[in-house]
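Protein chains: 2
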Amino acid sequence: MEIKEIKPAEIEKKSFEIITSLLGDKKILPEHEAVVKRCIHTSADFDYADNLYFSPDVMEVLKKALKNGADIVTDTKMAQAGINKAKLLKYGGEVHCFISDEDVIEEAKKRGVTRSLVSMEKAAKLNKPVIFAIGNAPTALISLYHLITDNKIRPCAIIGVPVGFVNVVESKELIMTLDTPCIVARGRKGGSNIAAAIVNAILYLLD
Amino acid sequence: MEIKEIKPAEIEKKSFEIITSLLGDKKILPEHEAVVKRCIHTSADFDYADNLYFSPDVMEVLKKALKNGADIVTDTKMAQAGINKAKLLKYGGEVHCFISDEDVIEEAKKRGVTRSLVSMEKAAKLNKPVIFAIGNAPTALISLYHLITDNKIRPCAIIGVPVGFVNVVESKELIMTLDTPCIVARGRKGGSNIAAAIVNAILYLLD
Numbered sequence: 001m002e003i004k005e006i007k008p009a010e011i012e013k014k015s016f017e018i019i020t021s022l023l024g025d026k027k028i029l030p031e032h033e034a035v036v037k038r039c040i041h042t043s044a045d046f047d048y049a050d051n052l053y054f055s056p057d058v059m060e061v062l063k064k065a066l067k068n069g070a071d072i073v074t075d076t077k078m079a080q081a082g083i084n085k086a087k088l089l090k091y092g093g094e095v096h097c098f099i100s101d102e103d104v105i106e107e108a109k110k111r112g113v114t115r116s117l118v119s120m121e122k123a124a125k126l127n128k129p130v131i132f133a134i135g136n137a138p139t140a141l142i143s144l145y146h147l148i149t150d151n152k153i154r155p156c157a158i159i160g161v162p163v164g165f166v167n168v169v170e171s172k173e174l175i176m177t178l179d180t181p182c183i184v185a186r187g188r189k190g191g192s193n194i195a196a197a198i199v200n201a202i203l204y205l206l207d
Numbered sequence: 001m002e003i004k005e006i007k008p009a010e011i012e013k014k015s016f017e018i019i020t021s022l023l024g025d026k027k028i029l030p031e032h033e034a035v036v037k038r039c040i041h042t043s044a045d046f047d048y049a050d051n052l053y054f055s056p057d058v059m060e061v062l063k064k065a066l067k068n069g070a071d072i073v074t075d076t077k078m079a080q081a082g083i084n085k086a087k088l089l090k091y092g093g094e095v096h097c098f099i100s101d102e103d104v105i106e107e108a109k110k111r112g113v114t115r116s117l118v119s120m121e122k123a124a125k126l127n128k129p130v131i132f133a134i135g136n137a138p139t140a141l142i143s144l145y146h147l148i149t150d151n152k153i154r155p156c157a158i159i160g161v162p163v164g165f166v167n168v169v170e171s172k173e174l175i176m177t178l179d180t181p182c183i184v185a186r187g188r189k190g191g192s193n194i195a196a197a198i199v200n201a202i203l204y205l206l207d
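For the protein sequence lines, the chains are A and B, in the order given.
Note that the first sequence ends on residue 207 in our numbering; no numbers are left out.
Note that the second sequence ends on residue 207 in our numbering; no numbers are left out.
Note that these hints are calculated values from the structure, not bench results.
Be aware that one or more of the hints could be misleading.
The list treats identical chains as interchangeable, and a pair is accepted whether it falls inside one copy or across any two copies.
To be verified - Once the Cα atoms are required to be at most 30 Å apart in a straight line, the calculated DSSO-like pairs of lysine-lysine come out as:
id	residue 1	residue 2
1	K13	K128
2	K7	K109
3	K128	K26
4	K13	K122
5	K128	K27
6	K125	K110
7	K90	K152
8	K90	K110
9	K90	K77
10	K77	K4
11	K152	K7
12	K63	K4
13	K26	K13
14	K13	K152
15	K13	K77
16	K110	K14
Construct the complete structure from the given sequences, taking the supplied hints into account.
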C-alpha cells in the first residue's frame with residue numbers, strides 16, 4: 001500500500017492535473033473548463049465532461065453577478081454548506097436556503113406541494129440580484145420556471161443540477177427553454193455537491 | 001415536455017421503484033440493498049451497485065450503534081448538513097464536524113498537515129461510542145488508520161467514502177485492512193453526499 005506524502009496545498013493542484021490528464025483530448029471549451037473539472041473533482045464522475053450544458057455567455061453573467069455581490073439561493077442545506085461563503089461574502093453575497101423555514105414547511109403541508117416549491121416562491125420576494133443553485137429538487141426548478149414566465153422573478157442565472165429519477169430530466173430541459181442564463185447537468189445526474197462545486201468554481205475564477 | 005404531477009410523499013417511493021427496475025437482475029445482498037439504493041438515489045450513479053464494500057456484519061453493527069445513541073463524526077460540513085439529525089437525535093446521537101474549529105485550523109497550519117487529519121485526532125478525544133463517516137478527505141481515513149492501530153481510538157464502525165484522485169483509493173483500501181467494521185466505496189468515487197446517504201439509509205432502517 002503506497003501512500004505518497006503530499007502537502008495539503010498540493011493535493012488540489014495534483015488532483016486537477018490528474019483530471020486534466022484523464023480527460024485526454026476531450027473537447028471542452030476553455031471558458032467552461034474550470035466548472036467541468038471542479039464537478040469531476042467533487043464526484044470523480046467523468047460524465048460531467050459530457051452532460052453540462054452552458055447557455056451562451058452564462059459564465060460571463062455569473063462572474064459579473066458574483067463580483068457585484070449577487071446572493072445565491074439554493075434548495076438544500078448541503079449545497080449551502082458546500083458553497084465557499086467566505087469567498088462569496090468577499091464580494092458582498094450570501095447564501096439563502098429556505099427549505100427548513102417554519103413558514104415554508106407549514107405552507108407546503110397545507111398546499112400538498114414540496115417545500116422546495118414553496119421555498120422558491122419565498123426566494124422570489126428577495127429584493128436583491130439572485131443566482132439560483134438547485135442541486136436536489138426538480139420541483140424547485142419547475143417552480144422557478146413558472147415564477148419566471150409569470151414575471152414574478154428575474155434571476156441573474158440558474159444553476160440547475162438536481163439529481164434523480166422523477167421529473168428530473170424534464171425539469172432541467174424546461175429551464176433550458178428560458179432566456180435566463182443557465183448551467184444545467186442534462187440527464188439524471190447532479191446533486192447538492194455539484195451545485196456547490198459550480199458556484200465555487202466560478203468564485204475561484206474571480207480571484 | 002411532459003411533467004407528471006406527483007405528491008411529495010410519492011416522489012421518493014417512485015424513485016426507488018425506478019432504481020430497482022433499472023438495477024434489473026443485478027445481484028445485491030438483501031441486507032445491503034437499502035444502502036446501495038440510497039447511494040444511487042443521491043447520485044444517479046449506478047457504479048454504487050458495484051463499488052460498495054461491506055465488511056461482515058457491518059450493517060448489524062451500525063444499526064445497533066445508532067439505535068444505542070452513537071454519535072457520528074464526519075469530515076465535512078456538507079455531510080453534517082446532509083445527515084438526518086432529527087432522526088439521529090431520536091436515538092440519542094448527534095453529528096460532529098471539527099474541520100472549521102479554530103484550534104483545528106491553527107494546529108493544521110502549524111504542523112503543515114490537513115485540517116481533516118487534525119479533526120480526527122480531536123474526535124479521538126470524544127468520550128462516546130462513535131461512527132466515522134468520511135466523505136471527503138483521504139487524510140482523515142489515513143489519520144483514523146493510525147489512531148486505531150495505535151489504540152488511541154476504537155470506533156464502532158467507519159463509513160469510508162472519500163472522493164478524489166490523490167491517495168483516495170489507497171486510503172480506502174487501508175481502512176479495509178482493519179478489524180473495524182466498515183463500509184467503503186472502492187475506487188475514486190464517493191463524497192459527502194454519499195457519506196450522508198449511507199448514514200441516512202441505516203437510520204431509516206431503524207424505524
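Okay, the hints, checked on the actual structure:
Neither within a single protomer nor between protomers do K13 and K128 lie at most 30 Å apart by alpha-carbon distance, with minima of 35 Å and 37 Å respectively. Taking the closest pair of Cα atoms, K7 and K109 come within 30 Å of each other only across two copies (11 Å); inside a single copy the shortest separation is 49 Å, beyond that limit. Taking the shortest alpha-carbon separations for K128 and K26, neither the intra-copy value of 39 Å nor the inter-copy value of 49 Å comes in at or below 30 Å. In this assembly of identical chains, K13 and K122 lie within 30 Å of each other by CA distance solely across copies; the values are 27 Å between and 39 Å within a copy.
Taking the shortest Cα distances, K128 and K27 never come within 30 Å of each other, neither inside one copy (37 Å) nor across copies (51 Å). Only within a single protomer do K125 and K110 lie at most 30 Å apart by alpha-carbon distance; the minimum there is 20 Å, versus 46 Å between protomers. Taking the closest pair of Cα atoms, K90 and K152 come within 30 Å of each other only inside a single copy of the chain (29 Å); across copies the shortest separation is 40 Å, beyond that limit. In this assembly of identical chains, the alpha carbons of K90 and K110 lie at most 30 Å apart only when taken from different copies (26 Å versus 39 Å within one copy).
In this assembly of identical chains, the alpha carbons of K90 and K77 lie at most 30 Å apart whether taken from the same copy (21 Å) or from different copies (20 Å). Taking identical chains as interchangeable, the C-alpha atoms of K77 and K4 lie at most 30 Å apart only when they sit on different chains, with a minimum of 26 Å there against 34 Å within one chain. With identical chains, the CA atoms of K152 and K7 are at most 30 Å apart between copies only, with a shortest distance of 24 Å across copies and 49 Å within one. For the identical chains of this complex, K63 and K4 are neighbours neither inside a copy (36 Å) nor across copies (35 Å), given an alpha-carbon limit of 30 Å.
Taking identical chains as interchangeable, the C-alpha atoms of K26 and K13 lie at most 30 Å apart only when both belong to the same chain, with a minimum of 20 Å there against 38 Å between chains. In the homo-oligomer, the alpha carbons of K13 and K152 never lie at most 30 Å apart, since the shortest distance is 43 Å inside one protomer and 32 Å across protomers. Taking identical chains as interchangeable, the C-alpha atoms of K13 and K77 lie at most 30 Å apart whether they share a chain (28 Å) or sit on different chains (22 Å). Taking the shortest alpha-carbon separations for K110 and K14, only the inter-copy value of 22 Å comes in at or below 30 Å, while the best intra-copy value is 51 Å.
Hints 1, 3, 5, 12, 14 from the list above are not met by this structure, while the remaining hints are.
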